[in-house]
Amino acid sequence: MRLLTVAVFTAVLSIAPVSGFSAETSHGLAMHGDLKYPAGFKNFEYTNPAAPKGGTVRLNAVGTFDSFNSFIVKGNGAAGLGFIYDNLMHGSADEAFSQYGQLAESIEVPKDRSWAAFTLRAEAKWHDGKPVSVADVIWTFNTLTTKGTPFYRFYYGNVADVVQTGPRTVRFNFKPGENRELPLILG
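Take any residue in the sequence shown, count from 1 to its spot, add 21: that is its number in our numbering.
Honestly, the hints are just simulated from the structure, not real lab data.
Be aware that one or more of the hints could be misleading.
In silico BS3-like links for lysine-lysine, alpha-carbon gap of 30 Å or less [unchecked claim]:
| no. | residue 1 | residue 2 |
| --- | --- | --- |
| 1 | Lys74 | Lys168 |
| 2 | Lys196 | Lys74 |
| 3 | Lys57 | Lys146 |
| 4 | Lys132 | Lys74 |
| 5 | Lys196 | Lys132 |
| 6 | Lys63 | Lys74 |
| 7 | Lys57 | Lys132 |
| 8 | Lys168 | Lys196 |
| 9 | Lys63 | Lys168 |
| 10 | Lys63 | Lys196 |
| 11 | Lys146 | Lys74 |
| 12 | Lys151 | Lys168 |
| 13 | Lys132 | Lys151 |
| 14 | Lys168 | Lys146 |
From just these sequences and the hints, can you work out the full model?
Below is the structure:
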């Protein structure tokens, strides 16, 4: 009888899915449900790809600033600095909480969302033409969480570690717990 119990238990374990090892790779990630836009889409429906190009944009802002670094602990960063940075992913304005690759061409997440891996686009470049590297992503994350405002230490507090898993792939491993938003927050 004991041998039969062990055999059944072993059989069940061998066919059961292993949590965290079966991951899905996609061009985006939705908090709930499916993504609206397919892989390779050219623009969001609410944008006009035929809009006039060129000219000057002038934006106003109320207040003052004393730094062009919006991540400083003391002082005030200039308004609009967010326009000069790209994220790994970009949110869609016509979906509740979905994001699509921006610097990242894909995101890989297991069903239990215990980690997230981002593969950078080969064409992602800095202003000087140098490619954005996995080391750049890791350095940015580590700098924000160690030298940035305390907000970032809390915001990314559920990240256990960040590792390079391929030439263009960075993986964020999460601490145990149920924070299903974390892959989207990191994006």
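Checked hints:
no.: 1; hint: Lys74 / Lys168; in the structure: violated (38 Å)
no.: 2; hint: Lys196 / Lys74; in the structure: violated (45 Å)
no.: 3; hint: Lys57 / Lys146; in the structure: holds (27 Å)
no.: 4; hint: Lys132 / Lys74; in the structure: violated (42 Å)
no.: 5; hint: Lys196 / Lys132; in the structure: holds (15 Å)
no.: 6; hint: Lys63 / Lys74; in the structure: holds (17 Å)
no.: 7; hint: Lys57 / Lys132; in the structure: holds (19 Å)
no.: 8; hint: Lys168 / Lys196; in the structure: holds (21 Å)
no.: 9; hint: Lys63 / Lys168; in the structure: violated (37 Å)
no.: 10; hint: Lys63 / Lys196; in the structure: violated (36 Å)
no.: 11; hint: Lys146 / Lys74; in the structure: holds (22 Å)
no.: 12; hint: Lys151 / Lys168; in the structure: holds (25 Å)
no.: 13; hint: Lys132 / Lys151; in the structure: violated (35 Å)
no.: 14; hint: Lys168 / Lys146; in the structure: holds (25 Å)
Violated hints, in rising order: 1, 2, 4, 9, 10, 13; the structure is consistent with all others.
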